[in-house]
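If you're matching them up, the sequences are chains A and B in order. Our numbering applies: residue 1 is where the first sequence begins, and numbers increase by one. Our numbering applies: residue 1 is where the second sequence begins, and numbers increase by one.
Hints listed in this document are in silico derivations from the structure and should not be mistaken for laboratory results. Be careful, since some hints might not be right.
[Unchecked claim] Facing chain A, according to a computed beta carbon distance under 10 Å, are these residues of chain B, among others:
no. : residue
1   : 59
2   : 65
3   : 69
4   : 110
For glycine and all other residues, C-beta sits at the position ideal for the given N, C-alpha and C.
So you can see what is in the structure, the chains are spelled out below.
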Amino acid sequence: MRRYNLLIVGLLMVAPGAYLIFTHPQNLPLWFIWLAGPFLWYVGIAVAIGSIAGILLLPRTTVTPTCASSSDNVATLPAVPSRQVPIEVLLLQIENHVRLEQAAAESFVTFPTNAQLHSKTTSPLVN
Amino acid sequence: MMHELLNGVSSSEAEEFLELGTRMIVPRGTSLFQLGDPADRLFLIEDGRIRLTLPMQVRGREEEVLVEERTPGQAVGWSALIPPYGFTLTATAAPQDAQVIALPREALLKYFATNPATGYKIALNLAVVIGHRLQLFQTMWLREMERTVEVRSA
Numbered sequence: 001m002r003r004y005n006l007l008i009v010g011l012l013m014v015a016p017g018a019y020l021i022f023t024h025p026q027n028l029p030l031w032f033i034w035l036a037g038p039f040l041w042y043v044g045i046a047v048a049i050g051s052i053a054g055i056l057l058l059p060r061t062t063v064t065p066t067c068a069s070s071s072d073n074v075a076t077l078p079a080v081p082s083r084q085v086p087i088e089v090l091l092l093q094i095e096n097h098v099r100l101e102q103a104a105a106e107s108f109v110t111f112p113t114n115a116q117l118h119s120k121t122t123s124p125l126v127n
Numbered sequence: 001m002m003h004e005l006l007n008g009v010s011s012s013e014a015e016e017f018l019e020l021g022t023r024m025i026v027p028r029g030t031s032l033f034q035l036g037d038p039a040d041r042l043f044l045i046e047d048g049r050i051r052l053t054l055p056m057q058v059r060g061r062e063e064e065v066l067v068e069e070r071t072p073g074q075a076v077g078w079s080a081l082i083p084p085y086g087f088t089l090t091a092t093a094a095p096q097d098a099q100v101i102a103l104p105r106e107a108l109l110k111y112f113a114t115n116p117a118t119g120y121k122i123a124l125n126l127a128v129v130i131g132h133r134l135q136l137f138q139t140m141w142l143r144e145m146e147r148t149v150e151v152r153s154a
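With the sequences and hints as input, model every part of the structure.
Below, the structure written as structure tokens:
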């Protein structure tokens, strides 16, 4: 959703800009219409085009938060962007993730419910 | 020590069964068996922990990644009883030394043939162990699959 915020802002600028330019409201001074109208119109279009380019060209960086549960015997590790993580830390995160997932699976197998199956995880590997 | 494979087995039968095996110490960090090794022994854990791992490609490197950790009372290496008798995981003692009872397949099969009632109980217990692992892994697989789909369709 955040990816579309800039586009919405751009369109929200274009709309009043178009209103000022094309309807010439009589209750507003002419200098204001000629100043604000084109400003909102052109800047709004520029922002909208820029945001569309961003949506189409930039890679997605958001990872949907997901599953799981809690477990004993699990170290809490900081969630760090994967490129900065040394391989040793990454391996610990994988192990931590496996333990959490196993605990979640154990809970489901013990009490098989839909909620247990789809419980959220705190694993930094997927959050 | 109550072993999961000996649930419902009388103490005399359990004692007789355990005498088929050899107690051994697995020093910390040492492999009990490796992926691809011929599986000719079943192991019952007496003390310590056994890490079951699989090799995983992580940033172009092959790393042993934890799949399961087995604790005293649990069994590892049941591939020894299931064709094609090859280990599908690597088992390592960690973080401390482990003590296991190693039961050779030949001795087990001979025992089951001469003691079918006990063999039946042990086979049922083994089915429980395998079934539990299957349920765990199918749950884990589904959760991972959901995440993959969620991320790809986001």
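Practice task
Hint by hint, work out which the structure violates, then give me just those numbers in ascending order.
Solution key: Checked against the structure, the only hint that fails is number 4, while the rest are satisfied.
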